[in-house]
Structures are given as C-alpha cells and as structure tokens.
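Asks: Sequence:
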Amino acid sequence: MTQTFLLGLDGASYTVLRPLIDGSADEGVVMPYLAGLVADGYSATLRSTAHPLTPPAWTSVCTGRTPGHHGIYDFVRFEDMGDDIYFTLYDSRDIRCETLWQIAGRAGKTVASLNFPMMAPPQEVNGALVPGFVSWKHLRRNTWPRELYDRIKTLDGFDPREMSWDFERESQIGDVMPDDELHDWVEKHLPRDHQWFNIGLHLLREDNPDLMALMLDGTDKIQHQAWHVLDPRYWNPSEASHGRKKVRALVLDYFRGLDGYIRELHQAAGPDCQFVIVSDHGFTGAEKVVRINKYLESLGVLAWRAHDGSEAARRRDLANFANLDWTRTRAYCPTPSSNGVVIRVKSDKNPGGVDPAEYESFRAGLIAELLALRDPETGEAVIREVLKREDAFPGPAMGQAPDLTLVLSDHGFVSVRNLAPAVVTRPVPMGTHHPDGIFIMTGPGVRRAQGAVLSIVDTTAIVAHGLGLDIPADFEGRVPDDLFDGAWLTEHPVRIGGQTAAQDGTPAHDGDEADEDQREEVLAQLRLLGYLED
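Numbered by the numbering used here, the letters in the sequence shown go through residues 62 to 595 in order.
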C-alpha cells in the first residue's frame, strides 16, 4: 500500500482557498472535500524559499535543501562572457543534492514522481518518474522507465499535448485581457491538470508505490491571470460585468474540479496513507510594474545597446531580456523571474566591471539606491527589502545566486524592459507569488491542529518520516513537534541518521544531439514566456 502521498498544488494560497472551504465566498462552500481534510487534519502556513519562484521552491521540496545547497535559482542560468551573457536552462543535472526519490529508492521504497519541474533528464528511480516543464514532443524520452510512456498513452483520453506546457498560451501571462479572451484562456488550461490526475490515479491504483508524488499546476497559471476575480480584496460582484462574472464562474468550476481530484486521490490512497498537500509558494496581487533595469540605467550602472531607430532595434528594446551594452554595464537584472541584480566584477573577461576591492562599498550604495526608489503616485517605496546573497542563499552554491534579490512592496516580479517611467500602475492587479504557501496533512497519527509557520524544506523531512526513513542529518528541515500525537511518535519516533549521497556538484551538459535539440526548443519557449530575449 502507498504509505505517503505528496500532492503539490503550484501556487496554492489560503487567500483563495479559505473562502472556498469555509463558505465565506459568495458561492458558498466550493471545495467541501478539502474543507473536510483541513478540519480533520493539520494545517499550517508553508514559508517558501527566499525568492518564491517555482524552480527553486519545488527543488527544495524534492531535496530538503535550500537553493544555496541544491543550486537551482531560476528557469535559466547564465555565464558572464565579458562582452555578452550566455544563457541556458537549468535542469536535473544542475541539482547538487540527492532527491527524495533517490533517497527513498536507496532505502528500498518504490516511488512515482509526476510533473515536478527540474526533473528532466529523468533520474533512474525505483519506480516511475515523468518530469514537468517538458514539451510534448520530448515527453517519451524524458520518462523513466522508457516503457512507462507506452503504459500511460493507453489511458482513456490521454493527450500529451494537453499535459505538456502550451508555451504560446503561457506567454500571455501578465497581459491584460478582455473578459471574453480571459474566459477562453482559462478554459484552455483546464485539461492539463486532468491529464496528470489521470496518470497519477492510474499509477496509484496499479503500482501502489510507497511514495506517490504528483504536482498539479493549474492553480498557479489561473491565479496569475485571474487573480482579480479570486482575491476578496478585488472581487465585488455588485460592480462586476457579466463577462467578468462568467470568468469567475469558470475559475470556480476549476476549483470544484480540483476538489474532486483531491477526493479521488485521497480515497484511492486509503485511510492508512499519510496524505500531504503543499504548495511551492502562495499568491497575492501586484499593482505596480517596476522596470528595474530602467532604474539601474538612471543610476549610471547600466547602459542599453545603441538604438539605430530600426524596427528590429525597437523590438530588442522591448524584449524580455535587456538589450544591453555589456562593455558599459556594471549591474543588471538578468530575467524578470529572478528579481535579482547581478553585479559584474572586474576580470580579464570583463575589464569594465566593479573592482573587487570596491565590491562591498558598491553593493552597499546600490542597496541604498534601490531602497530609495519611490512610486511617483504615492511617494511610497516600491522595494521593501534587498537581500544579499550570503543572507538569502547560504551554502556551497551561493556563488550562482544573484548578488542581490529584490522583494517588491507588492511581491511582484520586476520588468527588465527598456521602457519609461521606471514605476507605473497596472490597469488590473496581476496575480504574483507570495512567500506564504499552504501545508495540509491528514492520516495516521496526524493531530487535528493549526500549526505554526513551517519551512518549505520541512515538507521533505515530514515525507521521509512518513515513509519510515531516517531523516538525513544534512536535511535542512524538521518534523514539527506538534504534527503527530504522542501514541504515533512512541511507535514511530523521529530518527535522524546518515547523510544524503554525495553529488559531484558539477553540472553535466554534454548531452546527445536530441538533448541539445530539446534544450533549444525549450529556450525558445522560455522567450515566449518572458524569461529570455527574443
């Protein structure tokens, strides 16, 4: 029988879920089954990584380690070549720590891991692994074992195009859409979770893995675009148009369907399974656009490439990665998703960088200037905190992190486009990531309680304990003292012992031609998503 089920809901937030489970939404109780799990189990706020972004956060869940140890910070990593910046995708070979799937397999446990990002190319696991963030054309060769694909393709309604990312559709995230377009956009997202649910339910029933792990990401996609019809702060039914009410009705239908998925998965897992629901981060509404590279230009530390007035140059200036003059740029933000500022230190490749002896004073001055950025409409600061990398991401992989990570006042992502002014107000609030996600657990020995704030890496320790494993001493998380009742802990004490298997920490990107082809395709898709320059 399955001992532990880890259900990931990307971006799930109590801000949205509480009204849907306590009946305070206009429509009453929308998710009755989840409401029952919360009432009968343990729930808490789950604090994400220092920068609450999907790749580093889910990798922390999968490894029990923070980004300074596992080495994943963004969708893409970069190398400073002096006169240019080279970008490529992060993937499973960049992860410096052993994953939970590997740890469980070494202990003789069977696993099934579905739709978690950064898991391609697939690891050899004692069970099944289908990674997320893979285009449908490359799904077969990224499935472990290879014959698993032939199993799942026989499932009723299986469509690899639906279960993979539609990058063209995702590229519209952040655009202001008329209600009819938004309704269509949301409607086309609904089949994706259903595909992954069907595969998860099939493997759960047929294979009964000791650890079943499934991530559904429709919550994140829909909240990004339809936050203004979900957040009680913004939703006012008496003022909403007919079209906007239709959007809300469709979005709530999604959450009703999600409640049904949770019910079927929980019931199939059985009463003796510890059922854990987590999100990689929460959500909130962002009202401002902060064009951080435009502001860095005003500080004299960044320069754009010369504009010749052509249409091509105009497109480059509006691209989602900065069209910079690297010979005159000392600090820049690499991607909107990073919310980071990279300081270019002087070297043979980069003679125009900041002198190493002046790094600390340059960084301190830059922090002060960033915190001084104000909203011209209100006079209020738009950056609430600037995190130094040694404080936000301590560990052996700290050097890969941006020198500074920005926390905006509304938790939004920055813009890197060459547009003025540096700060503007959005016409419609956009859903953005918030550090506070969800943790819900039910099953044998689990107390009925509202717990204190947990760390995202506690999730991995809790799942390892549920599998009966010793928790590796180098895990950064813990099992909360108030999670289990005394009788359970007497029979199942929390044991700390051993270390995770050593990883060489050196990414191996010497893949075959097919891997290179896949990487180029996904890089092109990331350009559509707004993470790279066109």
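Hints should not be assumed to be uniformly reliable.
[What the hints assert, rightly or not] Pair by pair, the computed Cβ-Cβ distance ranges are:
hint	residue 1	residue 2	range
1	441	511	31 to 41 Å
2	416	248	31 to 41 Å
3	301	406	15 to 25 Å
4	248	301	10 to 20 Å
5	547	301	23 to 33 Å
6	410	558	44 to 54 Å
7	294	446	20 to 30 Å
8	325	79	21 to 31 Å
9	185	420	51 to 61 Å
10	90	333	45 to 55 Å
11	324	441	27 to 37 Å
12	531	238	45 to 55 Å
13	549	324	49 to 59 Å
14	359	206	15 to 25 Å
[Unchecked claim] Dumping the calculated SDA-like pairs for lysine to any residue here, alpha-carbon to alpha-carbon at most 25 Å:
hint	residue 1	residue 2
15	355	469
16	407	198
17	198	168
18	410	367
19	449	352
20	449	438
21	449	460
22	355	249
23	307	248
24	198	144
25	410	144
26	410	222
27	249	313
28	410	143
29	355	198
Calculated from the structure, these hints are not laboratory results.
Just so you know, even glycine gets a beta-carbon here, dropped at the ideal spot from N, CA and C.
Asks: Now look at each hint and say whether the structure bears it out.
Replies: Each hint tested on the structure:
In this structure the hint that residue 441 and residue 511 lie 31 to 41 Å apart at CB holds, the actual value being about 33 Å. Distance hint check: the CB atoms of residue 416 and residue 248 are about 55 Å apart, inconsistent with the given range 31 to 41 Å. Judged by the Cβ atoms, the range 15 to 25 Å given for residue 301 and residue 406 is violated: they are separated by roughly 52 Å. Restraint check, residue 248 to residue 301: a C-beta distance of roughly 18 Å satisfies the suggested window 10 to 20 Å.
Checked against the hint of 23 to 33 Å, the C-beta distance between residue 547 and residue 301 comes to roughly 50 Å, which is inconsistent with it. In this structure, residue 410 and residue 558 meet the distance hint of 44 to 54 Å, their C-beta atoms being roughly 45 Å apart. At roughly 22 Å, the beta-carbon separation of residue 294 and residue 446 lies within the given 20 to 30 Å, and the hint holds. Checked against the hint of 21 to 31 Å, the C-beta distance between residue 325 and residue 79 comes to roughly 23 Å, which is consistent with it.
A hinted range of 51 to 61 Å is violated for the C-beta pair residue 185 and residue 420, which are about 42 Å apart. Hint check: residue 90 to residue 333, Cβ distance near 28 Å, so the stated range 45 to 55 Å is violated. Separation of residue 324 from residue 441 is about 44 Å and departs from the stated range, judged on CB atoms against 27 to 37 Å. Separation of residue 531 from residue 238 is about 50 Å and conforms to the stated range, judged on CB atoms against 45 to 55 Å.
In this structure the supplied range 49 to 59 Å is violated for residue 549 paired with residue 324, their Cβ-Cβ distance being about 25 Å. Checked against the hint of 15 to 25 Å, the C-beta distance between residue 359 and residue 206 comes to roughly 55 Å, which is inconsistent with it. In summary, the hint linking residue 355 to residue 469 is supported, as the alpha carbons are separated by about 16 Å, within the 25 Å threshold. Straight-line distance between C-alpha atoms of residue 407 and residue 198 comes to about 42 Å, which puts the hinted pair past the 25 Å bound.
Our distance criterion of 25 Å between C-alpha atoms is broken by residue 198 and residue 168, whose separation comes to about 34 Å. Distance check on the hinted pair: residue 410 and residue 367 sit about 21 Å apart at the alpha-carbon level, within 25 Å; holds. Proposed proximity of residue 449 and residue 352 is supported: the alpha carbons are some 20 Å apart, at most 25 Å. Using a Cα cut-off of 25 Å, the hinted pair residue 449 and residue 438 is violated, with the two alpha carbons roughly 29 Å apart.
Distance check on the hinted pair: residue 449 and residue 460 sit about 12 Å apart at the alpha-carbon level, within 25 Å; holds. Taken as a hint, the residue 355 and residue 249 pair is broken in the structure, with Cα atoms around 35 Å apart against an allowance of 25 Å. A hinted pair counts as satisfied when its Cα atoms are at most 25 Å apart, and residue 307 with residue 248 qualifies at roughly 11 Å. The straight-line distance between the Cα atoms of residue 198 and residue 144 is roughly 35 Å, outside the 25 Å bound, and the hint therefore fails.
For the hint pairing residue 410 with residue 144, the CA-to-CA distance comes to about 8 Å; that is within 25 Å, so the pair holds. Using a Cα cut-off of 25 Å, the hinted pair residue 410 and residue 222 is violated, with the two alpha carbons roughly 43 Å apart. A C-alpha spacing of about 15 Å is found between residue 249 and residue 313, which places the hinted pair at or below 25 Å, so the restraint holds. Only pairs whose Cα atoms come within 25 Å are accepted, and residue 410 paired with residue 143 is accepted, the gap being roughly 5 Å.
Restraint check for residue 355 and residue 198: not satisfied, since their Cα atoms lie roughly 38 Å apart, outside the 25 Å limit.
This entry does not satisfy hints 2, 3, 5, 9, 10, 11, 13, 14, 16, 17, 20, 22, 24, 26, 29, going by the numbered hints stated previously.
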